[in-house]
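Trainee: Sequence:
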Amino acid sequence: MEWKPESQPKLFDAASAIVTCSDPLQFGQLYTYLTNQSEVASPERRRFLNNRFREVLFKQWVNIGVPKVAIALFALIKEEHEGDADLTFTKEHIHLDAANREKGTDFLNSIYGPKRTANMFGTWGANFEWLTKDVVYGMFFADKSVLDFKETELICYTAIVCQSLPVQNHLGGLQRMGLSLEEIEGVTECAKLIAKWAGCDLGSWPRVRAVAASLNVNATPQGSSVDEAWA
1 MEWKPESQPK LFDAASAIVT CSDPLQFGQL YTYLTNQSEV ASPERRRFLN
51 NRFREVLFKQ WVNIGVPKVA IALFALIKEE HEGDADLTFT KEHIHLDAAN
101 REKGTDFLNS IYGPKRTANM FGTWGANFEW LTKDVVYGMF FADKSVLDFK
151 ETELICYTAI VCQSLPVQNH LGGLQRMGLS LEEIEGVTEC AKLIAKWAGC
201 DLGSWPRVRA VAASLNVNAT PQGSSVDEAW A
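Residue numbers 1 to 231, in full-length UniProt numbering, belong to the letters of the sequence shown in order.
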């Protein structure tokens with residue numbers, strides 16, 4: 001069985017929050033802290049963790065932009081041991097084709113529901129539809145070679161909440177993917193602790209249950225409507 005770190009949601013939450021709302025150089029320190037734990041001492045487990053840390057940055061390239069993520073990557077490289085990182089090209093399976101667009105659309109459906117996804121681009125236009133479905137969601141977020149949809153959505157949600165942006169859509173997405181409100185509250189609280197430590201303004205921090213109450217999202221069936229309201 002493939003080894004995975006305990007408390008994975010909070011691990012991705014912490015990694016995403018550190019890059020988003022603090023000095024991204026701290027990303028390397030988080031890696032060092034984790035690899036100093038006895039359960040990650042073996043070369044195999046270091047490589048496994050490193051692969052996932054690098055994939056977090058791959059997703060964050062889209063969520064928060066190149067400057068912070070590039071600094072976080074430099075910080076991670078500084079803390080890596082020889083043999084930790086796979087430096088070969090591993091994205092050869094990604095192509096800008098119909099199958100890629102379908103994967104991107106499926107990811108969008110898991111967040112917004114099929115009806116909203118279908119109606120979204122009438123006003124966005126064809127260029128932004130291509131950018132969203134084919135590039136952002138198809139090439140980046142829907143690539144499950146390292147992180148699955150739920151893990152990627154945890155990274156996205158945390159990046160959004162740490163930028164004090166409305167979270168209703170991606171909170172609803174986490175519910176559709178099966179996370180309970182208690183789990184989402186835990187993820188949000190973890191991000192809040194890091195944001196507080198980083199000196200961020202917490203005045204607009206979302207109240208998970210208040211936001212969820214406005215959404216009327218069912219966790220299991222996908223396609224429920226999601227309001228534009230945000231509490």
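None of these hints come from the bench; they were simulated from the model. Values in this document were obtained by computation on a predicted structure and should not be read as measured data. Honestly, I wouldn't trust all of these hints.
In silico DMTMM-like pairs for lysine to aspartate or glutamate, Cα to Cα no more than 25 Å straight-line [unchecked claim]: (1) K150 - E82; (2) K144 - D201; (3) K150 - E44; (4) K115 - E92; (5) K91 - E55; (6) K78 - E55.
DEER-style ranges, computed between Cβ atoms [claimed, not checked]: (7) M120 - T32: 21 to 29 Å; (8) L165 - N119: 20 to 28 Å; (9) P67 - P166: 41 to 49 Å; (10) L25 - I94: 37 to 45 Å; (11) E44 - K150: 17 to 25 Å; (12) H95 - W124: 35 to 43 Å; (13) L193 - K91: 27 to 35 Å; (14) P166 - G125: 15 to 23 Å; (15) N216 - P43: 44 to 52 Å.
The C-beta atom is built at its ideal place from N, Cα and C for all residues, glycine as well.
Trainee: Hint by hint, note whether the structure agrees.
Mentor: Structure-based check of all given hints:
1. Restraint check for K150 and E82: not satisfied, since their Cα atoms lie roughly 30 Å apart, outside the 25 Å limit.
2. Of the pairs offered as hints, the one joining K144 and D201 is violated, with about 33 Å between alpha carbons and a cut-off of 25 Å exceeded.
3. Simply put, K150 and E44 have alpha-carbon atoms about 24 Å apart, close enough for the 25 Å limit, and the pair holds.
4. For the given pair, K115 sits about 32 Å from E92 by alpha-carbon distance, which is inconsistent with the 25 Å threshold.
5. Between K91 and E55 the alpha-carbon distance is near 11 Å, which keeps this suggested pair within the 25 Å criterion.
6. Note on K78 and E55: the hinted pairing holds, with a Cα-Cα distance of about 17 Å set against a maximum of 25 Å.
7. The hinted window of 21 to 29 Å between M120 and T32 is violated, with their beta carbons roughly 41 Å apart.
8. Roughly 22 Å separates the CB atoms of L165 and N119, a value that falls within the hinted 20 to 28 Å.
9. A hinted range of 41 to 49 Å is violated for the C-beta pair P67 and P166, which are about 23 Å apart.
10. Take L25 and I94: their Cβ atoms lie about 29 Å apart, and the range 37 to 45 Å is violated.
11. At roughly 24 Å, the beta carbons of E44 and K150 sit within the given window of 17 to 25 Å.
12. At about 23 Å, the CB distance of H95 to W124 disagrees with the hint of 35 to 43 Å.
13. Distance hint check for L193 and K91: the Cβ-Cβ separation is about 33 Å, which falls inside the suggested range of 27 to 35 Å.
14. Evaluation of the 15 to 23 Å hint for P166 and G125 yields a pass: the beta carbon distance comes to about 22 Å.
15. The hinted range of 44 to 52 Å is satisfied by N216 and P43, whose Cβ atoms lie roughly 48 Å apart.
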